[in-house]
Amino acid sequence: MDPTVMAILAVTELIGKYGVPAALQIITTWDVEEPTVDDWEALKLKSAEDYFKE
Amino acid sequence: MKHVRVSGVLALVVLLAFMVSCTGNFQKNSYRGLGAMSVSYDVALKSAADLHKQGYISDEGKAEIIKVANSYKDAHNAAVQAFQDYLNAPADQKETKEGQAKVAMQASLAFYQELLGILTKNGVYGEPVEPWF
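Protein chains in written order, with our numbering: chain E, 1 to 54; chain F, 1 to 133.
Do not take every clue at face value.
To be verified - Derived pair list, reagent style PhoX-like, types lysine-lysine, alpha-carbon separation capped at 20 Å:
hint : chain 1 : residue 1 : chain 2 : residue 2
1    : F       : Lys121    : F       : Lys46
2    : F       : Lys53     : E       : Lys53
3    : F       : Lys46     : E       : Lys44
4    : F       : Lys28     : E       : Lys44
5    : F       : Lys102    : F       : Lys28
6    : E       : Lys46     : F       : Lys46
As the list claims (entries may be wrong) - Away from chain E, derived, C-beta distances all over 10 Å, residues of chain F:
hint : residue
7    : Pro90
8    : Gln93
9    : Gly99
10   : Ala110
11   : Lys121
Just so you know, these hints were derived from the structure itself, not from any lab. No experiment lies behind these values; they were computed from the predicted model shown. Positions of the beta carbon are idealized from the N, C-alpha and C atoms, including for glycine.
Could you build the full structure based on these sequences and the hints that come with them?
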């Protein structure tokens with residue numbers, strides 16, 4: 001299968017299963033070639049309590 | 001308890017990412033692995049909060065999820081910090097810092113698996129995605 005078609009199908013599947021924001025975040029993370037200190041900082045997680053307050 | 005299927009937990013993605021991280025560019029692949037885990041954590045916790053709001057997860061379940069999720073969060077953030085330390089380390093300390101980062105990453109994976117167990121027990125589970133990368 002053509003790589004472009006495969007990529008489109010994969011992205012469509014990701015969006016369908018996890019939603020646009022999560023899909024974009026996965027793609028963005030995957031696209032980083034040389035992660036900087038700031039890139040790493042963006043991966044830090046917030047406290048679980050925060051999710052239940054929203 | 002009624003189990004509700006929620007697209008959220010990317011178990012297979014994470015396992016694949018960690019398998020990939022064993023080879024090739026150590027730092028880049030570790031970044032991808034921890035990145036996938038951070039997305040998974042975010043989506044899963046949002047799903048758990050929604051289910052709790054709808055009454056599918058009890059207050060006891062919520063407390064259990066929060067406790068384990070915070071343990072995972074601490075381990076994950078420690079692993080991220082270890083990689084930042086590795087990046088900032090002088091050349092003669094790189095090897096030591098790399099070893100510490102690998103240990104921290106493995107520890108975070110153990111906590112992640114525990115979190116998956118608690119989420120599944122409380123009815124939050126998702127379908128693994130195909131290894132498209």
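Here is what the structure says about each hint:
1. F:Lys121 to F:Lys46: OK: lysine 121 of chain F and lysine 46 of chain F at ~16 Å, within 20 Å.
2. F:Lys53 to E:Lys53: Holds, because 10 Å separates the two Cα atoms, which is no more than 20 Å.
3. F:Lys46 to E:Lys44: Roughly 16 Å separates the two Cα atoms, so the pair holds.
4. F:Lys28 to E:Lys44: holds (16 Å)
5. F:Lys102 to F:Lys28: holds (13 Å)
6. E:Lys46 to F:Lys46: Holds, because 12 Å separates the two Cα atoms, which is no more than 20 Å.
7. Pro90: Per Cβ check, proline 90 of chain F is outside 10 Å of chain E; nearest 15 Å; holds.
8. Gln93: holds (16 Å)
9. Gly99: holds (17 Å)
10. Ala110: Given a closest Cβ separation of 16 Å, the condition holds.
11. Lys121: holds (16 Å)
When the structure is compared with the earlier hints, no violation turns up for any of them.
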